[in-house]
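Sequences listed follow chains A and B, in order. For our numbering, add 448 to where a residue sits in the first sequence, where the first one is 1. For our numbering, add 448 to where a residue sits in the second sequence, where the first one is 1.
Calculated directly from the structure, the hints in this document are not laboratory data. This list has only true hints and no planted wrong ones.
Which copy? The list can't say, so a pair holds if one copy fits it or any two copies do.
The list that follows gives simulated cross-link-like pairs (lysine to aspartate or glutamate, EDC-like), each with its CA atoms no further than 16 Å apart:
# : residue 1 : residue 2
1 : LYS501    : ASP476
2 : LYS501    : ASP565
3 : LYS501    : GLU482
Here are the chains, one letter per residue:
Protein chains: 2
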Amino acid sequence: MAHQRRGEDTRAHILAAAADCFTRAGYDATSVAEICAQAGVSKGAFYHHFPGKQAAFMALFEHWLAGVDVPFQAARGAGESVPERLFGLAGMVQHVFESAAGQIPMFIEFWRQAAKDPQVWQATIEPYRRYRMAFAELIAAGVAEGSLRPVDPDMVAQVLVSLGVGLLLQGVLDPAGADWGRTAEGAIAMLLEGLGKQPV
Amino acid sequence: MAHQRRGEDTRAHILAAAADCFTRAGYDATSVAEICAQAGVSKGAFYHHFPGKQAAFMALFEHWLAGVDVPFQAARGAGESVPERLFGLAGMVQHVFESAAGQIPMFIEFWRQAAKDPQVWQATIEPYRRYRMAFAELIAAGVAEGSLRPVDPDMVAQVLVSLGVGLLLQGVLDPAGADWGRTAEGAIAMLLEGLGKQPV
Chain A
449 MAHQRRGEDT RAHILAAAAD CFTRAGYDAT SVAEICAQAG VSKGAFYHHF
499 PGKQAAFMAL FEHWLAGVDV PFQAARGAGE SVPERLFGLA GMVQHVFESA
549 AGQIPMFIEF WRQAAKDPQV WQATIEPYRR YRMAFAELIA AGVAEGSLRP
599 VDPDMVAQVL VSLGVGLLLQ GVLDPAGADW GRTAEGAIAM LLEGLGKQPV
Chain B
449 MAHQRRGEDT RAHILAAAAD CFTRAGYDAT SVAEICAQAG VSKGAFYHHF
499 PGKQAAFMAL FEHWLAGVDV PFQAARGAGE SVPERLFGLA GMVQHVFESA
549 AGQIPMFIEF WRQAAKDPQV WQATIEPYRR YRMAFAELIA AGVAEGSLRP
599 VDPDMVAQVL VSLGVGLLLQ GVLDPAGADW GRTAEGAIAM LLEGLGKQPV
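Turn these sequences into a full structure, and let the hints guide you.
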């Protein structure tokens, strides 16, 4: 048990060092030796946890990906309607900006590698597809409960994910350019005016 | 005249070579010597046109930026209402995807440098601000002509640019993930349902 705990600590420690190196120098310019030096571990310890540099890179990505569903879980309050849950998601945007800001150089490395490597590309598009599926389920639930008109859930999900990605990118690049949290809530309000049940 | 023409050709030739090197090897790993070798010009010719590597990089960015207003000009048909012009812009999305696809590695280099260098960062956020201003003018014109409700043009512009950025990013990363041109038109239709004048 203590041994396993130490192993997990070492793995997390190596990943933090790898993220540091990739962010500072870029993926291509980082060697396993440099990650080991940064983490203060032997190459043996590195290769015990990861077959190579790309595996560490993908593990960082999967770690980030594991957080994808968190806001959807958090927005699932008991007895809340789908429009209320959509507003709940919009209200989290400011928090997402703050946690994403420090990770941008790492994201840029993911995209850079994705443009060169089909395996990384596949992993990079995965979260967008998962978000679109999660939003499509939410919209379908709104149609089923009668709080939304009978719209195409996939199309609305594509629009919502596009909006979220665009807000996130601009909010991180240009935090002073607008009140992005307020914009997110305004956007949901605008869309719900179009999506909501009209008074009969 | 012939001399000036040759100078412009050389400048464009150096920029194309620089874009090639930055895309392939990244900005940091590219030297002026490599750009010159790729372009088949002397260092003297390079420094005649650009004070250094960063100036060539920024010139590439400004070249891209010069195209920012083109879709807005193209969507300005005589006598068209603002909702019609918004649909016209949505109809161009597919074309924008196709022209952007090959430039993604270069964009990623812009973002990568922007995260390190305040001058590049300033230039990188500039097109988003310009797009937001252009959309805000368009929305204000719609309110003035009576085709849109009295909404906050800045807020609506932030939403529209976020939507465009998110559609573009997903469409380029994951062209097979959805029919992005159709999604763009559906998004404008949804927003106009919320923004449009309601029947009295």
